[in-house]
Amino acid sequence: DQQVKQNSPSLSVQEGRISILNCDYTNSMFDYFLWYKKYPAEGPTFLISISSIKDKNEDGRFTVFLNKSAKHLSLHIVPSQPGDSAVYFCAASANTGNQFYFGTGTSLTVIP
Amino acid sequence: NAGVTQTPKFRILKIGQSMTLQCTQDMNHNYMYWYRQDPGMGLKLIYYSVGAGITDKGEVPNGYNVSRSTTEDFPLRLELAAPSQTSVYFCASRPRTGVSRGVRWIQYFGAGTRLSVL
Chain A
1 DQQVKQNSPS LSVQEGRISI LNCDYTNSMF DYFLWYKKYP AEGPTFLISI
51 SSIKDKNEDG RFTVFLNKSA KHLSLHIVPS QPGDSAVYFC AASANTGNQF
101 YFGTGTSLTV IP
Chain B
113 NAGVTQTPKF RILKIGQSMT LQCTQDMNHN YMYWYRQDPG MGLKLIYYSV
163 GAGITDKGEV PNGYNVSRST TEDFPLRLEL AAPSQTSVYF CASRPRTGVS
213 RGVRWIQYFG AGTRLSVL
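Line by line, the protein sequences are chains A and B.
FYI, the numbering for the first sequence is 1 to 112, going by the working numbering.
FYI, the numbering for the second sequence is 113 to 230, going by the working numbering.
Worth flagging that the hints you see were computed from the coordinates, not collected in a lab.
Among the clues, some could well be false.
[What the hints assert, rightly or not] Only pairs whose alpha carbons sit at most 20 Å apart, straight line, appear in this in silico DMTMM-like list of lysine to aspartate or glutamate:
no., chain 1, residue 1, chain 2, residue 2
1, B, K121, B, D185
2, A, K71, A, D31
3, A, K71, A, D1
4, B, K156, A, D1
5, A, K37, A, D84
6, A, K71, A, D55
7, A, K37, A, E58
8, A, K68, A, E58
9, B, K156, B, E171
10, B, K156, A, D24
11, B, K156, A, D31
12, A, K37, B, D150
13, B, K156, A, E42
14, A, K5, B, D185
15, B, K169, B, D185
16, A, K37, A, D59
17, B, K126, B, D150
18, A, K37, A, E15
19, A, K68, A, D31
20, A, K54, A, D31
21, B, K126, B, E191
22, B, K169, A, D1
23, A, K54, A, D24
24, A, K5, B, D150
25, B, K121, A, E42
26, B, K169, B, E191
27, A, K71, A, E15
[Stated by the list, open to error] Not the full set, but computed from the structure, chain B residues with beta-carbon under 10 Å of chain A:
no., residue
28, Q118
29, R123
30, L155
31, V162
32, R189
33, E191
34, R206
35, W217
36, I218
37, Y220
38, F221
39, G224
40, R226
All values reported here derive from a predicted model rather than from experimental measurement.
Here a beta-carbon is modelled for each residue, glycine too, at the ideal position from N, C-alpha and C.
Produce the entire structure from the sequences given, and follow the hints as far as they go.
Next comes the structure, spelled out in structure tokens:
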């Protein structure tokens, strides 16, 4: 059973515009959420995270929003750059941080 | 700093063969993880370890075994390979605490091992 879902397998955006990647989760025990970025033939690398005590976290061009009541989070990238083209995974964990649950990923293509 | 190193990068196995996927990290991280990623799917946790000598099952442990005799190494063993184990395997590690204020539980991943069982 997929506890973390990314319903958009792919997304294409023009360079300079905003990219919005979405993620939904079902387990109300999740209290920490992370976004990872993955290039082909490489392992995922950490991008940004958010704790359930916050509803927004920013890091440069990347902002993650968390809506706990809807069990939904989103990653905003603005402005989008061609180097942002990659697969983005959403992940979630409960309070121990022992196990992490990943979404199926969204492949972002930023068109120059 | 090498980070998390996985070997081999590619492997083809015949049904019923066994092999060990190697994972080593040089960051002195307590936690280590094994995931598999099937095409079009997310990463599924196979096993994890919170420290040397301690391992536990994740979401999809069947058909695999692990050991953690040292902090650095976390090998994954496939005893009787089956076609259903064809996947890309990722090893990851993380420190016990956050890397900076407000940021915790970041995993560092290896480049992966692509395994085909035919």
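Here is what the structure says about each hint:
1. K121(B) <-> D185(B): holds, 17 Å
2. K71(A) <-> D31(A): holds, 11 Å
3. K71(A) <-> D1(A): Since the Cα atoms of K71(A) and D1(A) sit roughly 16 Å apart, the hinted pair holds (cutoff 20 Å).
4. K156(B) <-> D1(A): holds, 11 Å
5. K37(A) <-> D84(A): holds, 9 Å
6. K71(A) <-> D55(A): The hint holds at about 11 Å.
7. K37(A) <-> E58(A): Judged against 20 Å, a Cα distance of about 16 Å means the pair holds.
8. K68(A) <-> E58(A): Between K68(A) and E58(A) the Cα gap is close to 17 Å, so the pair holds against 20 Å.
9. K156(B) <-> E171(B): holds, 6 Å
10. K156(B) <-> D24(A): holds, 17 Å
11. K156(B) <-> D31(A): Answer holds: K156(B) to D31(A) is near 19 Å, not above 20 Å.
12. K37(A) <-> D150(B): Holds. K37(A) to D150(B) sits at ~17 Å (cutoff 20 Å).
13. K156(B) <-> E42(A): Roughly 17 Å between the alpha carbons, so the hint for K156(B) and E42(A) holds.
14. K5(A) <-> D185(B): Violated. K5(A) to D185(B) sits at ~31 Å, over the 20 Å cutoff.
15. K169(B) <-> D185(B): Status holds; Cα separation ~17 Å.
16. K37(A) <-> D59(A): It holds: about 14 Å lies between the C-alpha atoms, which stays within 20 Å.
17. K126(B) <-> D150(B): holds, 19 Å
18. K37(A) <-> E15(A): Given pair K37(A), E15(A) holds - Cα atoms ~18 Å apart, limit 20 Å.
19. K68(A) <-> D31(A): holds, 9 Å
20. K54(A) <-> D31(A): Cα-Cα ~10 Å, so holds.
21. K126(B) <-> E191(B): holds, 12 Å
22. K169(B) <-> D1(A): holds, 16 Å
23. K54(A) <-> D24(A): Holds. K54(A) to D24(A) sits at ~17 Å (cutoff 20 Å).
24. K5(A) <-> D150(B): holds, 15 Å
25. K121(B) <-> E42(A): holds, 11 Å
26. K169(B) <-> E191(B): Within the cut-off at roughly 16 Å; holds.
27. K71(A) <-> E15(A): violated, 29 Å
28. Q118: This hint holds: Q118(B) lies near chain A, its Cβ roughly 8 Å from the closest one there, short of 10 Å.
29. R123: Violated - the Cβ of R123(B) stays beyond 10 Å from chain A, reaching only about 15 Å at its closest.
30. L155: holds, 4 Å
31. V162: Holds, about 6 Å.
32. R189: violated, 20 Å
33. E191: violated, 23 Å
34. R206: holds, 8 Å
35. W217: holds, 4 Å
36. I218: This hint holds: I218(B) lies near chain A, its Cβ roughly 5 Å from the closest one there, short of 10 Å.
37. Y220: This hint holds: Y220(B) lies near chain A, its Cβ roughly 8 Å from the closest one there, short of 10 Å.
38. F221: holds, 3 Å
39. G224: holds, 6 Å
40. R226: holds, 9 Å
Violated hints, listed in ascending order, are 14, 27, 29, 32, 33; each of the other numbered hints is respected by the structure.
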